[in-house]
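Undergrad: Protein chains in written order, with the numbering used here: chain A, 19 to 384; chain B, 19 to 384; chain C, 19 to 384; chain D, 19 to 384.
It is possible that some hints are incorrect.
Chain copies aren't distinguished; within one or between two, either way the pair holds.
Think about it this way: if two alpha-carbon atoms lie no more than 25 Å apart in a straight line, the pair counts; the simulated SDA-like pairs of lysine to any residue are [stated by the list, open to error]: (1) K166 x V372; (2) K166 x S374; (3) K70 x Q91; (4) K72 x G327; (5) K166 x V373; (6) K166 x T119; (7) K78 x E56; (8) K72 x S381; (9) K161 x A39; (10) K70 x P384; (11) K166 x Q118; (12) K166 x L375; (13) K70 x R273; (14) K78 x N289; (15) K72 x E276; (16) K166 x A135; (17) K166 x A39; (18) K78 x Y90; (19) K78 x L185; (20) K166 x A329; (21) K166 x V376; (22) K70 x L193; (23) K161 x A370; (24) K161 x A135; (25) K72 x R273.
These are calculated hints, taken from the structure and not from any lab test.
All values reported here derive from a predicted model rather than from experimental measurement.
Residues per chain are reported as follows:
Number of protein chains: 4
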Amino acid sequence: MSGNTFGRLFCVTSFGESHGAAIGCVVDGCPPGLELSEADLQPDLDRRKPGKSKYVTQRKEADLVRILSGVYQGRTTGTPIALLIENTDQRSYDYDKIKQTFRPNHADYAYVQKYGARDPRGGGRSSARETAVRVAAAGIAKKWLREKFGVQIRGYVAQIGPLELALQDWDAVELNPFFCADPARVPELETLIDTLRSEGDSVGARVSVVASGVLPGWGEPVFDRLDADLAHALMGINAVKGVEIGDGMRAAGMRGTEHRDQMSPQGFLSNHSGGVSGGISTGQDLLCSIAIKPTSSITTPGQSIDESGAAVEMRTTGRHDPCVGIRAVPIAEAMVALVLMDHALRHRAQNADVVSLVPRIPSQAP
Amino acid sequence: MSGNTFGRLFCVTSFGESHGAAIGCVVDGCPPGLELSEADLQPDLDRRKPGKSKYVTQRKEADLVRILSGVYQGRTTGTPIALLIENTDQRSYDYDKIKQTFRPNHADYAYVQKYGARDPRGGGRSSARETAVRVAAAGIAKKWLREKFGVQIRGYVAQIGPLELALQDWDAVELNPFFCADPARVPELETLIDTLRSEGDSVGARVSVVASGVLPGWGEPVFDRLDADLAHALMGINAVKGVEIGDGMRAAGMRGTEHRDQMSPQGFLSNHSGGVSGGISTGQDLLCSIAIKPTSSITTPGQSIDESGAAVEMRTTGRHDPCVGIRAVPIAEAMVALVLMDHALRHRAQNADVVSLVPRIPSQAP
Amino acid sequence: MSGNTFGRLFCVTSFGESHGAAIGCVVDGCPPGLELSEADLQPDLDRRKPGKSKYVTQRKEADLVRILSGVYQGRTTGTPIALLIENTDQRSYDYDKIKQTFRPNHADYAYVQKYGARDPRGGGRSSARETAVRVAAAGIAKKWLREKFGVQIRGYVAQIGPLELALQDWDAVELNPFFCADPARVPELETLIDTLRSEGDSVGARVSVVASGVLPGWGEPVFDRLDADLAHALMGINAVKGVEIGDGMRAAGMRGTEHRDQMSPQGFLSNHSGGVSGGISTGQDLLCSIAIKPTSSITTPGQSIDESGAAVEMRTTGRHDPCVGIRAVPIAEAMVALVLMDHALRHRAQNADVVSLVPRIPSQAP
Amino acid sequence: MSGNTFGRLFCVTSFGESHGAAIGCVVDGCPPGLELSEADLQPDLDRRKPGKSKYVTQRKEADLVRILSGVYQGRTTGTPIALLIENTDQRSYDYDKIKQTFRPNHADYAYVQKYGARDPRGGGRSSARETAVRVAAAGIAKKWLREKFGVQIRGYVAQIGPLELALQDWDAVELNPFFCADPARVPELETLIDTLRSEGDSVGARVSVVASGVLPGWGEPVFDRLDADLAHALMGINAVKGVEIGDGMRAAGMRGTEHRDQMSPQGFLSNHSGGVSGGISTGQDLLCSIAIKPTSSITTPGQSIDESGAAVEMRTTGRHDPCVGIRAVPIAEAMVALVLMDHALRHRAQNADVVSLVPRIPSQAP
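Could you put together the complete structure from these sequences and hints?
TA: Here's what the structure looks like:
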């Protein structure tokens, strides 16, 4: 219960350090009978993995996932599915020099205050490498949600530093190294990242995820609202500093006549609330956004302290992303998938017998 | 497990409908020996309660809390503390006319799709009235955190609709009906709310909470990060659509050289991260903000449907806040307190024996 | 999370002390649409309540349960159901004299070592009075299980001290004050209890519960086996020292050819395993037994210590059952009901889509 | 949440099938700073492992455990400890012939009713092989409990079929293949097992575990009593049908004057209650016993059904223990260790600040 298990009914228990022997997880609670093999999980891992383009970290990891249990003759059995990803590129010597010091805005200092010590190799457990197992686990959830309900979960980068990026074309997202849905802007992004790298700096990002096909009725009314659990899931991604549902923080400046989503027999007239009302899905598209802070590991020197408390100047070298937000797209999708899967199961546990006499209206009026 | 219990070790289980017999909760896991009486809990309830000024809903509720168990001779015993608040002002006839229809942007429609039926009296369980029990429960957490660690948790309204409100003076917050920390702006707020009411409209708000005195080391590294659990807690408040830690969504547009919080032996040089690093508290002030959407219950008519799916025009009457965000201040403080209390206990469960040899640096360099 | 919540999906959170203002609980996770009123819960409370015959404690408690929330127009809404039982007979002066001392084999000493203090009034939280709320909560579970699946849960006293009592006639159980299913033995029991009371002594008991109509497939294979959760539930009743499933402890002395339950198309040929195999229900009758230790509160003086650690002689007076096991029948039924309800929901959460092609065989071959 | 995670604060999540690629677990919540290597875990695995003598199954498994994470430079870091045991002896062809049929008293039938299908290779997840990971995980708990509190957890076989076996000599337990504490009886046991094997039959057993050095105050008063959690843990071992604390089922026949454990300044005068009072440890030795049913896999033919529901005669071949209870000793110790570790952490989470003014008395008066 040190917070390494996610979910109540579809439970993912994660383990592993960036530069240890392996990372992995145990997925408990998956319904039986789902066709599943490593080939279902690898594509999203490949989308997340480092070293794919010069715009992200050059660490090379095969990120090959192996299913150790819970699948027999190509189908889930209902027993725990263990996933293992061995670490292959463990250049821990990169980190030796920083062992006695704390990198500014890294988890090092907080870890030492909490645990008395830390695994300094590549950030150990605080490394974003841990998120690979979430992506792998969520591959199962995505598949089940898609096959059973037709749910589709897609993300894109909506902002990189000063550049806001519109959702122009879903198909473009996979065709550039920035998960950018506005292909005309890609050259600007290339220039921005090149500039940052040469300046020894980094930049934040905003990632948006849209889940369509969500049935009305998922979520719980009070503490474990669907949006609250999404917030927990998304804020639990490394470097995330803000989570929005629908209009998000902009709602603070809006009027009721502007924000409220009116309804008609033909469908909802708007989606400012992002598909959740009172903590429960409405059947509209689920809209989430997150802000990822700029990479803290930059080559511009910064002030810090060492383990004795003395002042030091830090300059992080190594293979870091100038914008960690880019690779956060499959991770954010993964967390949304885990939440939806969990709530789909929670919903039917309590409400499997419910017959609503009220017609469901479309997500959006034409 | 329908999401009405909050916390892992300091657990609050909430019950009750807006217009039922009573609302209340059971608080399980409180350390024994804490001096406690109703007088410790009532002040925050009074801060939250409706009908205090003409700028909030005119519903009258005494909101008197009664401790039913878990306290003996003025001290907690370590057994569950049951808190009960009876509903006194149950004018449910106000709601009869809306029983067959769904109010736009209300939880009604989602509830019916989930449960097949709903309690229409005052929104039933989806009413913000439920938050009174969170405030009551959090009074226990606030007291324990203050007495044991010196933690102080304070909130204020940072924005009402178009008006951004600075943190000028903590003492002013309790002296005006808007929880506004910039007393010079109060007349503007009065005008805004009066205008909204006459126009039959409402407005959103942003609320900020600051927790000082938090020890470094609280939180968990992966899923149950301190910030992730704060996000869960805060997004779980009615009408909240966005949660930010530190610079929040603005981090998306920032550079690493700007955002990273450098450290010196004299203390942290900035607090863009809001007091959390890698999901664990750093000992800096904890900074959270939330956006509350504009009240959906407004007198301007809106399009909706009835239970047969037919189009209707809705005009919500009754006693509603033109800006529900105002009264969210004690609620947001309460949720922060519940999270901190839970993590303080979680931390010592695992790490009570830890002796960190690394000096703790001040929250802020002078 | 101090252990006052029972269940994962059908969750009962209990509160209250024997001589406090009230006892009660919050039931979270109940499916919506179940017809429910206090009249459904009162009968089992009346079966458990003290003072009904001269063979049990003479404490008078009305044990009237009140539903505070979660029910609207006579049906559950899916939101938490709060149940309240006010304490009426709070003769705490009975307990004043024992305040500074520890009763032998009572929880007093353990409580003080754990919490530093205790509520001495009537045993406070350690009193069997707390079990009334379990009985009330389980009334909901019993009703749902019966209406949805036809599950019937019945208990009887199988042994009181030296007297073993056969299951001769289910109907007789409610017609004598001993929950005895062998009516011819009742006079012996009357004599035994009268003798014990005059001798200032008490006696243990064995209670058996049979649940019929349980579907095959409930339970989980590893830690949360159906039988393991039953053991948790039943050992969690005050004074229980042993739990058996099927042949129970006798299995240690049996041979495989004798114990194994063979199967035929006409049904199972025996039920030594008590309806559970590999932690999962087989569709046979579920058979559980518990041993309840003899009442520790007896008038025969015993050695003990006081709060300073000095030796004292204790003689417990007050209104105690000579055999607490008798009133344990509805409590044991209640705990079985709570486990079955929880597992019925857990099962459908994961396995709602399962279609087993293997025919179900009858519980028992003719 | 399909029941493959054990514990609330010291959490073990188990995975793996008998004849899959590997079995293993993730241990979350271990305090940091504990010296740990595979060498700490292997001895108990070796005690449990099959094929060690001719009196247990001849399956050969190296049962070598590997620590994949959570340990750095020989000490736990506070992050999840993943343990992996690869399956080496996967003679699944042994099981091909039984694939279409259900073995009497095996989990096969229940699994198929629950999940619609099953992994038939060696019983899959229902195999006692899964318990190896519990033993490995508990090695961590045993070490921490021993080093921090001096807790010692030891088990022995107290009965094999008709033969009751006294606790004569703890040292003898490890010196014979039966975990028998009465070395003079070993020849009888050898004869019994040889006879059973030649007769194609099996026999049950009773295993007792004693934990000494447990501090008073561990456990929770109501549902999660220390004894209730022990019952859950021990009934969760394959083939266990009864759990006793202290005098256990015998308490049903005892009198209060006989059973109650009186106290004196020199210590407790008896231990009928087995070290728990009101669900909380008293500081006495913790005494638990379990009954393990006779092995269901025997060569004497039995009646069963096949997947179409038709009658078949089954004769289980393969490498089975004539008495599975023998190897249950390290498993039972393991489950007790997991419960105690969990409750030690739970206790200090809530009660770390408690100072009891009442002297602790010795476990046993001299």
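Undergrad: Run every hint past the structure and note whether it holds.
TA: Here is what the structure says about each hint:
Taking CA atoms no more than 25 Å apart as the test, K166 paired with V372 passes in both settings, with 18 Å inside one copy and 13 Å between copies. In this assembly of identical chains, K166 and S374 lie within 25 Å of each other by CA distance both inside one copy and across copies; the values are 20 Å within and 18 Å between. For the identical chains of this complex, K70 and Q91 are neighbours neither inside a copy (33 Å) nor across copies (32 Å), given an alpha-carbon limit of 25 Å. Taking the shortest Cα distances, K72 and G327 never come within 25 Å of each other, neither inside one copy (37 Å) nor across copies (54 Å).
When the C-alpha separation of K166 and V373 is checked against a cutoff of 25 Å, the pair qualifies both within a copy, at 19 Å, and between copies, at 15 Å. Proximity of K166 to T119 under the C-alpha cut-off of 25 Å is found in neither arrangement, the shortest distances being 50 Å within a copy and 31 Å between copies. With identical chains, the CA atoms of K78 and E56 are at most 25 Å apart within one copy only, with a shortest distance of 20 Å there and 29 Å across copies. Taking the shortest Cα distances, K72 and S381 never come within 25 Å of each other, neither inside one copy (40 Å) nor across copies (38 Å).
When the C-alpha separation of K161 and A39 is checked against a cutoff of 25 Å, the pair qualifies only between copies, where the shortest distance is 23 Å, while the shortest distance within a copy is 28 Å. Proximity of K70 to P384 under the C-alpha cut-off of 25 Å is found in neither arrangement, the shortest distances being 40 Å within a copy and 44 Å between copies. Within a single copy, K166 and Q118 get their C-alpha atoms no closer than 51 Å, and across copies no closer than 29 Å, so neither meets the 25 Å cut-off. Proximity of K166 to L375 under the C-alpha cut-off of 25 Å is found in both arrangements, the shortest distances being 22 Å within a copy and 21 Å between copies.
Proximity of K70 and R273 under a CA criterion of 25 Å is satisfied inter-copy only: 23 Å between copies versus 45 Å inside one chain copy. Taking CA atoms no more than 25 Å apart as the test, K78 paired with N289 passes in neither setting, with 41 Å inside one copy and 33 Å between copies. Taking identical chains as interchangeable, the C-alpha atoms of K72 and E276 lie at most 25 Å apart only when they sit on different chains, with a minimum of 24 Å there against 43 Å within one chain. Taking the shortest Cα distances, K166 and A135 sit within 25 Å of each other only across copies (19 Å), while inside one copy they are farther apart (45 Å).
Taking the shortest Cα distances, K166 and A39 never come within 25 Å of each other, neither inside one copy (36 Å) nor across copies (29 Å). Taking the closest pair of Cα atoms, K78 and Y90 come within 25 Å of each other only across two copies (23 Å); inside a single copy the shortest separation is 32 Å, beyond that limit. In the homo-oligomer, the alpha carbons of K78 and L185 never lie at most 25 Å apart, since the shortest distance is 30 Å inside one protomer and 47 Å across protomers. Taking the shortest Cα distances, K166 and A329 never come within 25 Å of each other, neither inside one copy (57 Å) nor across copies (31 Å).
With identical chains, the CA atoms of K166 and V376 are at most 25 Å apart both within one copy (22 Å) and between copies (24 Å). In this assembly of identical chains, the alpha carbons of K70 and L193 lie at most 25 Å apart only when taken from the same copy (12 Å versus 57 Å across copies). For the identical chains of this complex, K161 and A370 are neighbours both inside a copy (21 Å) and across copies (17 Å), given an alpha-carbon limit of 25 Å. In the homo-oligomer, the alpha carbons of K161 and A135 lie at most 25 Å apart only across protomers (20 Å), although the nearest pairing inside one protomer, at 39 Å, exceeds that limit.
With identical chains, the CA atoms of K72 and R273 are at most 25 Å apart between copies only, with a shortest distance of 19 Å across copies and 44 Å within one.
In terms of the numbered hints stated before, the structure departs from hints 3, 4, 6, 8, 10, 11, 14, 17, 19, 20, listed from lowest to highest.
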